[in-house]
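Chains as they are written, first to last, in my numbering: chain A, 1 to 308; chain B, 1 to 279.
Any given hint could turn out to be false.
Claimed, not checked - DSSO-like mimics (lysine-lysine), calculated; alpha carbons at most 30 Å apart, straight line:
#1 B:K112 / A:K114
#2 B:K6 / A:K129
#3 B:K18 / B:K37
#4 A:K133 / B:K160
#5 B:K187 / B:K67
#6 A:K142 / A:K114
#7 B:K112 / B:K37
#8 A:K111 / A:K133
#9 B:K275 / A:K129
#10 B:K67 / A:K211
#11 B:K18 / A:K111
#12 A:K71 / B:K112
#13 A:K183 / A:K213
#14 B:K160 / A:K30
What the hints assert, rightly or not - Sample of chain B residues facing chain A (criterion: CB under 7 Å; computed from the structure):
#15 S10
#16 I14
#17 D15
#18 S16
#19 I19
#20 A72
#21 W111
#22 T129
#23 K275
#24 A278
Unchecked claim - Chain A is nowhere near these chain B residues, computed Cβ spacing over 12 Å in every case:
#25 W38
#26 W110
#27 N113
#28 N118
#29 Q126
#30 L151
#31 P203
#32 F205
#33 L206
#34 Q222
#35 M246
Source of the hints: derived by calculation from the structure; they are not laboratory data.
Please read all numbers here as calculations on a predicted model, not as lab measurements.
From the three backbone atoms N, C-alpha and C, an ideal C-beta is built for every residue, glycine too.
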Amino acid sequence: MSSPLISARGLTKKFDEFVAVDAIDFDVAKGESFGLLGPNGAGKSTTMRIIGATSQRTSGDLTILGMDPEKFGPQIRAHLGVVPQQDNLDMQLSVSENLYIYGRYFGLSRKFLKAKIEELLEFAQLEEKRDAKVESLSGGMKRRLTIARGLVSEPEILMLDEPTTGLDPQARHILWDRLFRLKEQGVTLIITTHFMDEAEQLCDRLVVMDKGKIMAEGSPAQLIKDYSTKEVLEIRFGSERNSEMANQLRDMCERIEELPDRILLYHEDGEVLLEQIYSAGLHPKTSLVRRSSLEDVFLRLTGRTLVD
Amino acid sequence: MSIVDKRRGSLEIIDSKKIISRGSLYVAQARLTAMFKWVWMILAIAVANPVLYLLSIGVGVGAFIDKSAGPAGIDGVKYLTFLAPALLATAAIQGAIDESVFPTLEGFNWWKNFFGMNATAISGNQIATGVFLASLVRVVGTVVIYWFVMLAFGALESSKAWLAIPTAVMAGVAFGSITQAIAGRLKDENVFFVIFNRFVMMPLFLFSGTFYPLSSMPGYLQWIGWISPLWHSTELGRYLTYGHAMTQSMAITHTVFLFSLLVIGFFSSRRVFTKRLAK
Ligand SMILES: Nc1ncnc2c1ncn2[C@@H]1O[C@H](COP(=O)(O)OP(=O)(O)OP(=O)(O)O)[C@@H](O)[C@H]1O
Ligand SMILES: [Mg+2]
Numbered sequence: 001m002s003s004p005l006i007s008a009r010g011l012t013k014k015f016d017e018f019v020a021v022d023a024i025d026f027d028v029a030k031g032e033s034f035g036l037l038g039p040n041g042a043g044k045s046t047t048m049r050i051i052g053a054t055s056q057r058t059s060g061d062l063t064i065l066g067m068d069p070e071k072f073g074p075q076i077r078a079h080l081g082v083v084p085q086q087d088n089l090d091m092q093l094s095v096s097e098n099l100y101i102y103g104r105y106f107g108l109s110r111k112f113l114k115a116k117i118e119e120l121l122e123f124a125q126l127e128e129k130r131d132a133k134v135e136s137l138s139g140g141m142k143r144r145l146t147i148a149r150g151l152v153s154e155p156e157i158l159m160l161d162e163p164t165t166g167l168d169p170q171a172r173h174i175l176w177d178r179l180f181r182l183k184e185q186g187v188t189l190i191i192t193t194h195f196m197d198e199a200e201q202l203c204d205r206l207v208v209m210d211k212g213k214i215m216a217e218g219s220p221a222q223l224i225k226d227y228s229t230k231e232v233l234e235i236r237f238g239s240e241r242n243s244e245m246a247n248q249l250r251d252m253c254e255r256i257e258e259l260p261d262r263i264l265l266y267h268e269d270g271e272v273l274l275e276q277i278y279s280a281g282l283h284p285k286t287s288l289v290r291r292s293s294l295e296d297v298f299l300r301l302t303g304r305t306l307v308d
Numbered sequence: 001m002s003i004v005d006k007r008r009g010s011l012e013i014i015d016s017k018k019i020i021s022r023g024s025l026y027v028a029q030a031r032l033t034a035m036f037k038w039v040w041m042i043l044a045i046a047v048a049n050p051v052l053y054l055l056s057i058g059v060g061v062g063a064f065i066d067k068s069a070g071p072a073g074i075d076g077v078k079y080l081t082f083l084a085p086a087l088l089a090t091a092a093i094q095g096a097i098d099e100s101v102f103p104t105l106e107g108f109n110w111w112k113n114f115f116g117m118n119a120t121a122i123s124g125n126q127i128a129t130g131v132f133l134a135s136l137v138r139v140v141g142t143v144v145i146y147w148f149v150m151l152a153f154g155a156l157e158s159s160k161a162w163l164a165i166p167t168a169v170m171a172g173v174a175f176g177s178i179t180q181a182i183a184g185r186l187k188d189e190n191v192f193f194v195i196f197n198r199f200v201m202m203p204l205f206l207f208s209g210t211f212y213p214l215s216s217m218p219g220y221l222q223w224i225g226w227i228s229p230l231w232h233s234t235e236l237g238r239y240l241t242y243g244h245a246m247t248q249s250m251a252i253t254h255t256v257f258l259f260s261l262l263v264i265g266f267f268s269s270r271r272v273f274t275k276r277l278a279k
């Protein structure tokens with residue numbers, strides 16, 4: 001394997017005394033799609049901004065495209081496409097002007113941009129809004145424009161911070177499709193998301209962060225294998241009885257998670273476990289057997305669910 | 001076939017050296033594109049402002065003052081002629097503040113579009129410089145229009161009068177760049193605006209020898225003029241438009257004062273922008 005495109009060692013960011021990113025190590029290879037997962041405040045966006053060569057790290061080593069962002073910020077950023085968590089469009093400009101001006105920031109020519117803007121408007125499904133002021137767009141439309149804007153320079157590395165938050169299912173799938181195609185063309189993707197299906201779909205490899213630290217790293221399948229059982233049984237006894245029942249069930253499975261509305265029982269074979277529960281004379285109101293997902297890994301590692 | 005399939009990639013299509021040398025111009029272009037949406041409004045203000053002020057105060061109030069001052073006039077000229085250079089400088093300063101404070105607050109606090117710019121190869125220094133350049137364009141436009149209105153009112157008596165254009169522009173952008181640096185540090189701008197308008201702008205306007213010579217004010221208030229870019233610019237303007245008496249060393253002092261302010265404002269706004277973006 002050639003040397004990694006991004007390499008971080010002991011990467012740390014402090015805001016005054018507060019440690020937002022705590023000595024993390026990771027590498028990202030060219031063409032890889034790398035995910036950052038973690039609960040609110042884990043330090044994902046802070047990490048993204050540091051990799052984006054804007055926010056300055058407090059300590060540690062970082063190279064991106066072989067350069068140190070502290071010394072070569074503009075040279076690195078020339079090859080990044082950034083979709084920040086919060087849209088930061090130019091509200092005084094129209095939709096197409098936003099794309100044009102952003103392209104100008106990369107020194108791209110008017111001729112190139114003219115064709116590029118058409119393509120991006122189509123991708124973002126904003127052709128009809130091309131002359132509308134950004135202020136008048138809906139939240140999802142602004143999001144789509146921000147994503148399209150990040151593609152204007154045909155970046156080597158595309159960084160997406162919760163890209164699909166606020167998008168409808170159709171727009172999400174259009175984006176996923178686009179990202180797959182970019183990946184096929186060798187573009188490196190860095191993604192944070194709170195949607196586990198998205199992470200499973202898009203990421204070759206991901207890290208789970210919490211409180212500024214990396215808790216685990218691996219491919220989605222590997223993480224599920226390492227941190228969860230093959231199957232999960234979800235049962236409900238009704239919110240008052242859940243915790244009482246959980247105590248009785250604890251010994252029947254590998255691990256148990258009590259959520260406000262349901263109990264998750266981790267077991268290699270959910271149906272077998274359910275049989276055992278019935279034979280023990282317990283009768284949950286509802287039950288569901290499913291395969292483990294990243295959601296379960298996340299819960300295990302951070303003690304938090306993603307959808308509260 | 002969409003362009004996705006023809007992708008060449010940033011390594012091929014982007015020249016980061018070009019961005020490093022011209023980035024400020026790209027930022028200025030963005031600012032001017034936004035400003036141009038208001039071009040008729042800006043032009044209307046640029047024309048109406050001098051016409052209304054010079055008519056009402058210069059001609060209207062001036063008639064009374066000229067009568068009581070007699071043939072000696074104020075500072076040897078009609079009140080209109082005396083007043084106009086001060087209003088010219090005021091308009092320059094106002095225009096510069098508009099084009100530096102508001103974009104800066106938008107960029108950092110309201111819409112955060114500076115963070116978007118900075119995610120490209122554009123640096124904090126270039127954003128600050130670009131905002132400055134765009135405000136310079138606006139100030140030059142405002143001052144030139146003002147100057148022609150003064151000409152139409154017969155308020156320009158000296159052959160050096162055209163030099164009042166660059167001095168007023170310098171005063172405007174000097175003040176603008178200082179406020180740009182301050183705005184770049186603001187997290188909560190509301191309190192700032194109240195204080196700034198009441199305790200900085202108003203006193204400067206009233207006590208900078210705008211309506212009467214600074215020397216006719218009590219000594220304990222004259223210091224306001226000395227720290228006011230408006231006064232320094234007004235003095236230069238009077239000297240240049242009608243030959244107000246001024247020693248060479250004073251002319252140099254005024255110029256150096258304004259120029260130093262400009263240099264300080266320009267470089268500190270660059271530093272403030274860069275630091276804030278790197279947080
Ligand atoms: N500019 C800043 N000044 C001070 N503290 C900050 C700043 N930016 C982030 N933080 C703090 O750093 C921590 C990590 O924030 P960050 O935005 O990286 O989290 P996140 O993982 O992206 O969370 P979310 O899922 O909510 O987007 C938080 O506790 C946050 O309050
Ligand atoms: Mg975040």
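Hints versus structure:
Restraint check: the Cα-Cα separation between B:K112 and A:K114 comes to about 26 Å, which is no more than 30 Å; the hinted pair holds. For the hint pairing B:K6 with A:K129, the CA-to-CA distance comes to about 25 Å; that is within 30 Å, so the pair holds. With a C-alpha separation of about 28 Å, the suggested pair B:K18 and B:K37 falls inside the 30 Å cut-off, and the hint holds. This hinted pair does not check out: A:K133 and B:K160 have alpha carbons roughly 46 Å apart, beyond 30 Å.
Proposed proximity of B:K187 and B:K67 is contradicted: the alpha carbons are some 51 Å apart, above 30 Å. Between A:K142 and A:K114 the CA atoms are separated by roughly 20 Å; this keeps the pair inside 30 Å, and the hint holds. Of the pairs offered as hints, the one joining B:K112 and B:K37 holds, with about 20 Å between alpha carbons and a cut-off of 30 Å not exceeded. Taking the CA atoms of A:K111 and A:K133, the gap is near 23 Å; set against the 30 Å cutoff, the hint holds.
In summary, the hint linking B:K275 to A:K129 is not supported, as the alpha carbons are separated by about 36 Å, beyond the 30 Å threshold. Straight-line distance between C-alpha atoms of B:K67 and A:K211 comes to about 77 Å, which puts the hinted pair past the 30 Å bound. With a CA separation close to 17 Å, the supplied pair B:K18 and A:K111 stays within the 30 Å bound. Our distance criterion of 30 Å between C-alpha atoms is met by A:K71 and B:K112, whose separation comes to about 24 Å.
Proximity of A:K183 to A:K213 is assessed by CA-CA distance (about 27 Å); at most 30 Å being required, the pair is judged to hold. The straight-line distance between the Cα atoms of B:K160 and A:K30 is roughly 64 Å, outside the 30 Å bound, and the hint therefore fails. Hint on B:S10 holds. Least Cβ distance to chain A is approximately 4 Å, under the 7 Å limit. Below 7 Å, beta-carbon pairs count as interface contacts, and B:I14 has one with chain A at about 5 Å; its hint therefore holds.
Checking B:D15 against chain A: minimum C-beta separation of about 6 Å stays under 7 Å; hint holds. Nearest Cβ of chain A to the Cβ of B:S16: about 4 Å, under the 7 Å cut. The hint holds. Given the 7 Å rule on beta carbons, the hint for B:I19 holds: about 5 Å separates it from the nearest Cβ of chain A. The criterion of a C-beta within 7 Å of any C-beta in chain A is not met by B:A72, whose closest approach is roughly 51 Å, and the hint is violated.
A least Cβ separation of about 5 Å between B:W111 and chain A falls short of the 7 Å threshold, and the interface hint therefore holds. The closest approach between the C-beta of B:T129 and any C-beta of chain A is roughly 14 Å, which is over the 7 Å cut-off, so the hint fails. Interface hint status for B:K275: violated, as the beta-carbon distance to the closest one in chain A is roughly 10 Å, over 7 Å. At a threshold of 7 Å, the smallest CB-CB gap from B:A278 to chain A is about 4 Å, leaving the interface hint in force.
Interface exclusion of B:W38 from chain A breaks down, the closest Cβ pair being 9 Å apart, not more than 12 Å. Interface exclusion of B:W110 from chain A breaks down, the closest Cβ pair being 8 Å apart, not more than 12 Å. The beta carbon of B:N113 sits about 5 Å from the closest Cβ of chain A, which is not more than 12 Å, so the claim that it is off the interface is violated. Annotated as non-interface, B:N118 brings its C-beta within 12 Å of a C-beta of chain A; the closest such distance is 5 Å.
Against chain A, the non-interface label of B:Q126 is violated: not every CB pair exceeds 12 Å, the least being about 9 Å. No beta-carbon of chain A is positioned within 12 Å of the beta-carbon of B:L151; the least distance is around 34 Å. The beta carbon of B:P203 is kept farther than 12 Å from every beta carbon of chain A, the shortest such distance being approximately 32 Å. At the 12 Å boundary, the C-beta of B:F205 stays outside the reach of chain A, the nearest C-beta of that chain being 29 Å off.
For B:L206, the shortest C-beta to C-beta distance to chain A comes to about 33 Å, beyond the 12 Å cut-off, and the non-interface label holds. With a closest Cβ-Cβ approach of about 42 Å to chain A, B:Q222 is found to remain outside the 12 Å limit, as its non-interface label requires. Listed as outside the interface, B:M246 is consistent with that label: its C-beta sits roughly 43 Å from the nearest C-beta of chain A, beyond the 12 Å cut-off.
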